[in-house]
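Undergrad: Chain residues, written in single-letter form:
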Amino acid sequence: AQSVTQLDSQVPVFEEAPVELRCNYSSSVSVYLFWYVQYPNQGLQLLLKYLSGSTLVKGINGFEAEFNKSQTSFHLRKPSVHISDTAEYFCAVRDTGNQFYFGTGTSLTVIP
Amino acid sequence: DSGVTQTPKHLITATGQRVTLRCSPRSGDLSVYWYQQSLDQGLQFLIQYYNGEERAKGNILERFSAQQFPDLHSELNLSSLELGDSALYFCASSGGAGPSYEQYFGPGTRLTVT
Chain A
1 AQSVTQLDSQ VPVFEEAPVE LRCNYSSSVS VYLFWYVQYP NQGLQLLLKY
51 LSGSTLVKGI NGFEAEFNKS QTSFHLRKPS VHISDTAEYF CAVRDTGNQF
101 YFGTGTSLTV IP
Chain B
1 DSGVTQTPKH LITATGQRVT LRCSPRSGDL SVYWYQQSLD QGLQFLIQYY
51 NGEERAKGNI LERFSAQQFP DLHSELNLSS LELGDSALYF CASSGGAGPS
101 YEQYFGPGTR LTVT
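So the sequences go chain by chain: A and B.
Our numbering numbers the first residue of the first sequence as 1 and each following residue consecutively.
Our numbering numbers the first residue of the second sequence as 1 and each following residue consecutively.
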């Protein structure tokens with residue numbers, strides 16, 4: 001089974017500053033990688049995904065992530081955050097058996 | 001609005017009881033997923049159906065069962081409820097079964113077991 005580690009449970013950042021949310025997973029065998037965002041009292045929304053190909057993946061709302069196979073990481077970045085980016089962010093791994101594994105989440109708070 | 005509907009929105013019940021959660025996928029989506037989100041265990045994948053057939057099973061307890069009906073809606077049945085089953089239960093749907101299909105999440109059903 002996979003495990004997904006989100007190293008930071010809470011990340012405060014000032015508005016317009018860059019941010020990186022870290023995610024590591026346990027196995028380097030073929031997996032598919034996802035980042036989801038959850039706003040209060042809502043379901044999850046897909047930010048971006050890595051299935052294959054280019055290791056730099058661009059998503060919605062200006063987010064991007066880089067797949068690093070050797071380090072089994074999939075860190076999420078945004079060059080300039082907005083107040084509206086305040087939310088919970090989840091990294092997820094889907095293996096070839098269609099099993100999903102989620103990290104514990106990172107709470108991003110954007111400070112005006 | 002993702003187009004996925006879940007009913008009821010909130011459910012309060014007692015230990016030992018049985019409840020049924022309902023999910024209607026987006027129009028045209030064939031695959032349905034169920035997830036549990038709790039403070040103790042975080043987000044956990046429970047089960048996936050595709051066009052009425054079970055496709056993948058995650059951390060679903062034996063007390064829980066699910067099915068997808070011919071009209072593609074799905075139900076998650078939770079029985080012999082325990083306090084620890086209190087959680088937010090999400091349903092998601094996608095057009096197909098594979099990872100290239102984006103999952104669209106419903107607003108969830110909040111279950112409180114007292």
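Rather than coming from a laboratory, the hints here were simulated on the basis of the structure.
We put the beta carbon where it would ideally sit given N, CA and C, even for glycine.
Treat the hints with caution; some may be incorrect.
Here chain B is said to cover these stretches of chain A; the calculated rule only asks that three of the stretch's residues, wherever they fall, bring their Cβ under 8 Å from a Cβ of chain B [to be verified]: (1) 9 to 17; (2) 74 to 80.
A short, non-exhaustive set of chain A residues, derived as facing chain B with CB atoms under 10 Å [what the hints assert, rightly or not]: (3) G43; (4) L51; (5) Q71; (6) F90; (7) F100.
Undergrad: Against the structure shown, which of the earlier numbered hints fail to hold, in ascending order?
TA: 1, 2, 5
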